[in-house]
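Student: These protein sequences, in sequence, are chains A and B.
Position 45 (the first sequence) corresponds to 45 in the working numbering; numbering is contiguous.
Position in the second sequence (from 1) plus 116 gives the number in the working numbering.
What the hints contain is simulated information worked out from the structure, not anything from laboratory work.
There's no promise every hint is true.
[Stated by the list, open to error] One side only, chain B facing chain A, incomplete, derived with CB under 8 Å:
{"#": "1", "residue": "I129"}
{"#": "2", "residue": "N146"}
{"#": "3", "residue": "N147"}
{"#": "4", "residue": "Q149"}
{"#": "5", "residue": "R152"}
{"#": "6", "residue": "G158"}
{"#": "7", "residue": "L164"}
{"#": "8", "residue": "T200"}
{"#": "9", "residue": "F204"}
{"#": "10", "residue": "V208"}
{"#": "11", "residue": "N212"}
{"#": "12", "residue": "F214"}
{"#": "13", "residue": "Y215"}
{"#": "14", "residue": "F216"}
{"#": "15", "residue": "G217"}
{"#": "16", "residue": "G219"}
[Said to hold, decoys possible] From the structure, some residues in chain B lie toward chain A, with a derived Cβ separation under 7 Å:
{"#": "17", "residue": "S155"}
{"#": "18", "residue": "H161"}
{"#": "19", "residue": "L162"}
Built from N, CA and C at the ideal position, the CB exists for glycine as well.
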Amino acid sequence: GAGVSQSPSNKVTEKGKDVELRCDPISGHTALYWYRQSLGQGLEFLIYFQGNSAPDKSGLPSDRFSAERTGGSVSTLTIQRTQQEDSAVYLCASSLTTSFSTGELFFGEGSRLTVL
Amino acid sequence: SQQGEEDPQALSIQEGENATMNCSYKTSINNLQWYRQNSGRGLVHLILIRSNEREKHSGRLRVTLDTSKKSSSLLITASRAADTASYFCATVDTGNQFYFGTGTSLTVIP
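Based on the sequences and whatever the hints tell you, model everything.
Tutor: Here it is, written out as structure tokens:
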């Protein structure tokens with residue numbers, strides 16, 4: 001596709017359920033980032049994948065959060081045993097960033113998660 | 117926190133006026149980028165300024181960077197109603213980690 005694609009665009013779930021959010025980055029982009037944005041707030045960094053390197057997981061708020069990036073392309077963010085405070089918009093971004101230069105981030109439209 | 121801070125949090129101006137937003141940060145940077153976010157949408161990149169640059173222009177946008185003061189400003193000249201959005205600065209460190217500020221909400225009144 002032409003841009004970063006995220007699914008689902010909206011997800012309503014009950015407290016305690018697991019959810020999976022998917023991000024399909026721009027083809028050829030080596031870097032992939034996940035951010036969380038609560039209503040009216042800035043972006044909170046969650047996790048960063050760069051090529052085949054070990055991901056930077058330093059932003060994951062708890063062990064209920066995990067993410068994978070298969071084949072250096074599609075990424076899935078999984079939240080286990082969701083809590084109401086997990087309600088937010090989850091944004092994915094990809095970039096041509098390498099170890100030698102930084103590119104701009106291309107964002108998807110986000111997945112809005114509501115935990116009842 | 118390494119997150120930057122934008123100032124002001126909200127700004128309301130008349131169409132045709134200039135809008136200035138400021139960003140302060142705490143750590144050393146590789147570059148600084150500005151992004152725009154329309155309500156309910158993802159962020160869109162506007163402009164990148166490297167740590168060895170002091171000023172950059174792109175259309176109606178002018179960005180300055182003062183690394184000694186750890187601050188940047190974004191100027192939008194001759195604003196339009198379509199410029200209404202939230203604007204975020206992002207500092208990028210040598211590890212290619214992006215740290216976003218809290219954003220400035222700009223309203224341009226027609």
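Student: Against each hint, give a clear statement of whether it holds in the structure.
Tutor: Cross-check of the supplied hints:
1. I129: violated (20 Å)
2. N146: holds (6 Å)
3. N147: holds (6 Å)
4. Q149: holds (6 Å)
5. R152: violated (11 Å)
6. G158: Constraint on G158 (chain B) satisfied, holds at 3 Å.
7. L164: holds (6 Å)
8. T200: violated (15 Å)
9. F204: holds (7 Å)
10. V208: holds (5 Å)
11. N212: Constraint on N212 (chain B) satisfied, holds at 5 Å.
12. F214: holds (6 Å)
13. Y215: At about 7 Å, which falls below the 8 Å cut-off, the nearest Cβ of chain A leaves the hint on Y215 (chain B) intact, so it holds.
14. F216: holds (4 Å)
15. G217: holds (6 Å)
16. G219: holds (5 Å)
17. S155: Hint on S155 (chain B): violated, closest Cβ of chain A at ~10 Å, above 7 Å.
18. H161: Where the cut-off is 7 Å and the nearest Cβ of chain A is about 4 Å from H161 (chain B), the hint holds.
19. L162: violated (9 Å)
When held up to the earlier numbered hints, the structure conflicts with 1, 5, 8, 17, 19 and fits the remainder.
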